[in-house]
Amino acid sequence: MSFIGFALITNTSGLYFDAISRDLHVGRAKVSLTVSIRLICSAISMAVFSRFSHRIRLRPTLIGCIGICAVGFLLCSRAYALWQFYLAFAVMGLAYVIPITLMPPILLAAWFPTHFGTVLGITGCLSGLGGAIFNPLISHVIASYGWRSAYLLTGVMLMVLLLPCSYLLKPYPHGKLDTASAPNAKPAHDTRTKSGHLIGMLRSPAFLLLSAAMILLQIVSGINQHIPAYGISIGLTLTQAAWVVTARMIGASVGKLAIGSALDRVRPQFAITLFAAIGTTGWFSLLFGANLEAAITASFLVGIGQCLLMIALPWSIRRVFPGDDYARALSVINATGQLTVAIATTVHGLIFDMTGGYGASLTLNVLLYVLAAIAIITVAHGHTQSFRHPNGD
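The numbers in this note's numbering rise by one with no breaks, and the one at position 359 of the sequence shown is 359.
No lab work stands behind these hints: they were computed from the structure.
Just so you know, these numbers come straight off a predicted model, no measurement behind them.
Some hints here could point you the wrong way.
As the list claims (entries may be wrong) - Below, computed lysine to any residue pairings styled on SDA-like, alpha-carbon distance capped at 25 angstroms: (1) 30 / 237; (2) 30 / 40; (3) 30 / 347; (4) 30 / 19; (5) 30 / 355.
From just these sequences and the hints, can you work out the full model?
Encoded structure:
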C-alpha cells in the first residue's frame, strides 16, 4: 500500500501540471485545483471514518477504494475539460485516503504496539522509495507519450499491483476488526460518556498543538506538487525536474526510516529537533537552487525533513492518544491537514501565477516549518503520559 499506492496516487500528481496546463490552455492554478479537490474530499472521508471506523470491513473496503482510484485514473486519460478532472479527483479523494493514509498507521499500531516508530518509519521509507521509482517512470511516459498515456498506465498499475495486496491484509493478529479486541482498547461506555471523552480529547492542549503542527506542515507540503514546476521555473527540463522530485523521495525514505528508529530509542524531543534542523536547511537552500545539483541537494534535505509530517506527527498522536483514541484523533487531525493542503496547493499555484516564481512560497515555508517543529517538540517535551479523560476513562 505504501510503496505503490502512495507513490502513484499522491506523489506523481505534480508531474502532470505543466503538460495539462499547456494542452488545455489553462493556468497552473486551475490544474493544481484538481489536487485541492481531491484533498478536500479526502478530508470529508476522514471525518466519516473517525465516526464509523469500528464498523468498517477491511478487505471489501480496501478493494472498493483501490478499484475506484484505478477507474478514476483510467477516466482521466480520456478527459478533455477541467470539470472532468475535478469530478474524477473528487471521487478518488473520497476513496484513496482510507487505504493509503489512514489504514497503514492504524494497522501498524495494532500489529506492532511496542515498536510503532520503527515499523512506521519502514513503511514510510517504502512510500518514499516508491516515489523515487515511479516519478521518473511517469515523467518519462509524460514526456515521451503524453499525459494521457501516463494516466492510463497509472490506472492499470493500480489494478494489477495494488488490488492483490488487499487480500493479504488482516486488521489485527487475531484477524478480527473489533475495537473490543484491539490492543489497549477500552471497555464500552454509554454514548454520553463517549461524547464527553471525545470533547475532552479535542480540547486538550496536546491535540490543539498537534493540530496546529499538522496545519502548518500541510501548508508547507502544499508546494510539493509544484516541485516539478519549480524545476522548470529555474530552467530545468521536465526529466531533470523529475530527478529533483526523486531526490526528495529518497530523502524522505532516509528521514522516515531514521526518525522512526530514533523515536523508539532516544528522547523524542532530541530526535525531532535534529530532523527539523535538517528540513529547515533544505527549505532555505531550495530558495537558492539555481542549477540541477543545488536543487537536488536541497530537495534531498527537504525530503528528510518531511519525516516530521509523515512519522513524527502520527507517532506523537499515538503516544498521547493510545488505544481507540488513536484512530479518532488521527482521523480528525488528518482531516484538518487535508483541508489545509487542499487550499495550500492552489494558493502556491496562485502565488506562482502572480509572481512568476516560487520564492515567496519557499520563504513562507521556512517560517511555518520552524513553527510546526516547535509545536511538536513542545508536545514531546510536555506530554510523557497519554491523554486521559478527567473521569479516568
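**Message:** Taking the earlier hints as the rules, which of them does this structure contradict?
**Reply:** none
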